[in-house]
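> Protein sequence lines, in the order shown, are assigned to chains A, B, C and D. Letter 147 of the first sequence, counting from 1, is numbered 147 in our numbering, and no numbers are missing. Letter 403 of the second sequence, counting from 1, is numbered 403 in our numbering, and no numbers are missing. Letter 164 of the third sequence, counting from 1, is numbered 164 in our numbering, and no numbers are missing. Letter 160 of the fourth sequence, counting from 1, is numbered 160 in our numbering, and no numbers are missing.
Hints in this document: simulated from the structure, not taken from any laboratory. Warning: the hint list may mix true and false statements.
Said to hold, decoys possible - These stretches of chain B come out as covered by chain A in the derived footprint (C-beta under 8 Å, 3 or more residues): (1) 53 to 59; (2) 114 to 124; (3) 140 to 151; (4) 343 to 357.
C-beta: ideal position from N, C-alpha, C; glycine also.
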Amino acid sequence: MDKNGYFGNWGGAFIPEVLHQTFEDLKREYIKARQDPAFWQEYLSLMSTYSCRPTPLTHAENLTRHFGGAQIYIKREDLNHTGAHKANNVIGQGLLVKRMGKKRVIAETGAGQHGMATATMAARFGFECTIYMGEVDVQRQRPNVFWMEKMGATVVPVKDGSRTLKDAINEAFRDWVTNIDDTHYVFGTACGPAPFPEMVSWFQSIIGQEAAGQIQARHGGMPARIYACVGGGSNAMGIFGRFLQEPGVELVGVEAGGKGIASGMHAVRLGGTDASPGVAQGYKTMFLQNEDGQMLETHSVAAGLDYVGVSPILADHWEKGRVRFESATDDEVMEALDLTMKMEGIIPALESSHAFVQAFKEAPGLSPSEAIIINMSGRGDKDIFTIAHAFQDPSWKAFIIQKGLEYSK
Amino acid sequence: MDKNGYFGNWGGAFIPEVLHQTFEDLKREYIKARQDPAFWQEYLSLMSTYSCRPTPLTHAENLTRHFGGAQIYIKREDLNHTGAHKANNVIGQGLLVKRMGKKRVIAETGAGQHGMATATMAARFGFECTIYMGEVDVQRQRPNVFWMEKMGATVVPVKDGSRTLKDAINEAFRDWVTNIDDTHYVFGTACGPAPFPEMVSWFQSIIGQEAAGQIQARHGGMPARIYACVGGGSNAMGIFGRFLQEPGVELVGVEAGGKGIASGMHAVRLGGTDASPGVAQGYKTMFLQNEDGQMLETHSVAAGLDYVGVSPILADHWEKGRVRFESATDDEVMEALDLTMKMEGIIPALESSHAFVQAFKEAPGLSPSEAIIINMSGRGDKDIFTIAHAFQDPSWKAFIIQKGLEYSK
Amino acid sequence: MNLEQELKERLQKKDILLMTHIVLGYPSFEVNREVVRQMVDNGVDCIEMQLPFSEPMADGPVILKANQDSLANGTKIADCLAFGAEMAAIHAIPFLFMTYYNIIFKYGESAFFAQAKEAGIKGLIVPDLPPEQGESFFRLADEQQIAPILIFAPTSTDARMRELDGFGRGFIYCVARRGVTGKKSEFGADFSDYLGRCRAATAKPIAVGFGIQDRDDIRVLIGKADMAVIGSQTIRLVDSKGAAAVGPFIAGLREASAKPQSC
Amino acid sequence: MNLEQELKERLQKKDILLMTHIVLGYPSFEVNREVVRQMVDNGVDCIEMQLPFSEPMADGPVILKANQDSLANGTKIADCLAFGAEMAAIHAIPFLFMTYYNIIFKYGESAFFAQAKEAGIKGLIVPDLPPEQGESFFRLADEQQIAPILIFAPTSTDARMRELDGFGRGFIYCVARRGVTGKKSEFGADFSDYLGRCRAATAKPIAVGFGIQDRDDIRVLIGKADMAVIGSQTIRLVDSKGAAAVGPFIAGLREASAKPQSC
Ligand SMILES: Cc1ncc(COP(=O)(O)O)c(C=O)c1O
Ligand SMILES: Cc1ncc(COP(=O)(O)O)c(C=O)c1O
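The following block holds chain A by itself, in its conformation from the complex:
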């Protein structure tokens, strides 16, 4: 990150003046934390006593046999507290908030996963907490809303715009500019104005640091390729980080192909040709926007990948050819999820399943002496409503109809 918050041509901090001082404070605090080994120690200790770090690296023996190519390893971020990599980021930011002496946190959430994680962190640290969530997502993800509320957070349904993630982000910024003095905005992914992309990537880098040691111990060397799904880009940056310095390791980001790139109903920013450079939500990256610069609606079966922008750090790696980008369609995702459940007894989140799709496409072409790592960013059992729906499971539908009738009485 240069002094203006750029990574190559991407990034920056396009923020209203009222936030200027807050960002200065945040940057200072962040740099201090990075330079203070005690901070990272405290972070590691909390992650290993409150969450379950290091998360395991699972050798997927059955999938490996099935595809007959590379040894498939799965980095198990699903086993984090709250069920996804999002915990890494929020706990890190929580420690920073404590240092800054603020008492309230806010966050946006799409899938609900980051909102859950933030509400959890807030409960643990004793912060007040407000979560902004598009009204559409509130409806789709009611279980997460329930838990956030139970953990003491206020969930505000955002009724503007497309009523999804990007609108929740806008609304969170509006809260922030109003309540800057006591409030920290816990950004959920490696996007937004500097220093968020770098800071979030730093907290997530714990994934790759662990994975490097684990694959060395298990496989006896570096992996050939690493696959991660890319919504905002935080889990991808998390696992890629440590391996950027390993030229032999190919890094593959997988975006949401939705109903297919040709359909226009997708969220492919870097792996297609529909996106163009833009500036929104505080940073410059490749956005899905029309010729006037208005953001487009996106689509994915995975709410967490359904976003118009993408990490500026990834945009830089994309431009420089260090990270390759691919996409997976909704249909491919359901198939990969199905196979993974049946063969390994593991339920990846719909988001994570995107990475599985691409790994499955490429594994057969590699040799059994090579290893690949799939970053399983989260678990899918939290997504029962979406997954059972996507599979069109008739017993599930009957169950819901029945429950609905009971509650209607």
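Got chain A sorted already, so can you dock chains B, C and D with the ligands onto it with the hints?
Okay, now just chains B, C and D with the ligands, sitting in the frame of chain A:
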């Protein structure tokens, strides 16, 4: 365990003759495994690469401050793969099944948690899998059924008797006597005919072994008390095991008080006076039964504690005064769950919340220099249907009604 | 005369004996009474009366349901004991009780044996009580001279059969196959080998049960076994055609020329 | 005459200037046209015309909704530029464009500035473009002589204000408080201190915006600020009472005796 499978006056193996040889084989294989250090090594290695062991010991600083007594520590079995301690047992039995060369596993399940864990293990080991589940539970726990099926298991709704856990156990035995040659019955708790109570406790003992080292490192000594909920007794035996040899550590089992002991709607076997010695489901223990020896219906908000029998090993410790038994009512459980979510950002399963209730009652009476451990046997987010229902959450009801209407179209 | 002697005496006159099974209190004691009468009148040699239990682990769907319905009707163990006494008093064949161990355990083993003795019951079948687990049970059986009927299974080794035989009295109950009661059995070469092994392990009469449904099944057993056990089939018959159908069904089982019965 | 000179000239004759705000294409360009006419006829000194953006991060609910509705109507940036040119040609007050940076960036900065210049636009307000991030923007502004309006906030330090002032032209837009557009502001002692700090940091005219709703608000500003900015309030007025209500409202803002307006 003596040669007839007894612990003091409890236990044994009351099995039909057709199973005799199978149990002989199982006992032999189990004893061989116990004597083979390589087996436990393989078990540990699998648990640390496929599940997330060691699971953390979390210092609940906020709850500790709130109650102003003992230091409260929480053993985080919720962070296991599949979300509960049940994984420890099924993975252990899975390794044994592999050694025995069998190709099919069956299991009973009440809450669905053990069924989920078994289906998961079966997928991972490549076994065929059938899960027996009372029809009432199938209806209550549809999400778990969905996942089990997705992992390739066949879920059979049991329509006999009270159509809950004990009937599922009977039905699993019926399957077993029919298919003994290639099938192993993965018993889900520390009950049933010998060697199950001891074997399951052995696999679960990993909890207490880890906890002993962790509390030593964190607190600098042994805890004053340990709390665990008691359904069949496997998570309790798991955490108690290592501490039985520490005379200064008081062990407290918490049973389901349901709507109160006086109401008769509970599952209190050892902590009350409603149970009496009996023999059913293959073993001798304290059962909730009428004067003719017919088993009674039990009740708990937590499906996993809603069982007529209890581990014969715990019955022995109860009789000998080594383990104290208490109970928690449904209402107390909801309150403790609520408090834990709000103060620590942790969602215990309804089962586990029973242990929290008793710990919360006793913590204030202990000194801040003492530590207690609560065994958090599983996570509650899998129980959204039960928990949201129990809290009578209006938005949840509205959400379900809405979904039901969509599916009715 | 003890049970074994009595059965052996009957075997003098018949090529195979018949034992039938009823669940007490199902559908009612009145119907039980009528069914027993029809059985005895049509030449049944021995009747096992099942005391219902809420957890009949070794029984299949038909008998399981009968157990549950009987309990739902309010059947008490005391009623069963009284009914047993009544039957043994009026019919001149041996009656056995069949139940799960908890019924006896909870009643009190001594009390139960004493009552059973007084009722004139000749034997007890307890499928979930292996001899290793029943020290006091077997002692009391000996004291009260009530035969504990032990069970051989196809999975029992020769050594195990001999061990069981040492504990058993009256006769040996050989279950025809793996599984629970009620489903049809196949009587192939494996089955013959198995019966051969059973015969070699005991000098007692051997009964074969589980899935015996018609005259053909019984014909197969003649010469290989001493007694055929009809279980779920008569319950199905009573359910579908009433108690009056039992007599003809039983009579037909031994008629050399009778057509296979179905219900 | 550049924007700063023009405003200073106007300030010779008035104790405070008025700047108003419209969202282009909301509810329609026709209504915009009528609203602008009413504003100009009733003595408004300067108008900021917002080019709608799908993500108006710094705007409150009223302007946010206006942005969205305008886009839903199909408003294009080219239409907005043309409309700007039309207004500047027929009305003798300075017109500004207000928008978010992406609109300009995506249009192409050079092309945008060239068009704006040609349209006769005097200044640009881009709330999400801090000077550090706008090197080419500020260079082009200088080249084309279109004033980049910079913003002071209550959270800006004195040093930051001086830094911003170095980049700004025309006037300084002081946001009255933390938060987004549209909510009422309080003008207490803190506010006076803040305005004092603003004044000390710049020699340019200072405008105060965010939450100015009525005559009383404006009276407070006289002597402290050079220009009052009315934003959301006229949008609310047009929504509720139609374009014709704008003229009397504006006129009333400066009438010393007028009652507080409400809508
Ligand atoms: C499980 C999971 N994976 C991935 C993502 C995408 O975010 P990112 O690209 O920042 O990792 C989300 C977002 O909600 C998520 O919940
Ligand atoms: C989370 C959890 N805890 C506890 C139990 C009770 O079982 P046990 O007493 O064997 O630990 C269950 C059973 O399903 C469970 O799911």
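> Hint by hint, say whether it matches the structure.
Tested hints:
1. Check result for the stretch 53 to 59 of chain B against chain A: holds, 5 residues qualifying (beta carbon to beta carbon below 8 Å, three or more required).
2. With 6 residues having a beta carbon nearer than 8 Å to a beta carbon of chain A, the stretch 114 to 124 of chain B meets the requirement of three or more and the stated coverage holds.
3. Under the rule that three or more residues need a Cβ within less than 8 Å of chain A, the assignment of the stretch 140 to 151 of chain B holds, with 7 such residues.
4. With 5 residues having a Cβ less than 8 Å from any Cβ of chain A, the stretch 343 to 357 of chain B passes the three-residue criterion, so the hint holds.
Comparing the model with each numbered hint stated earlier shows that all of them hold.
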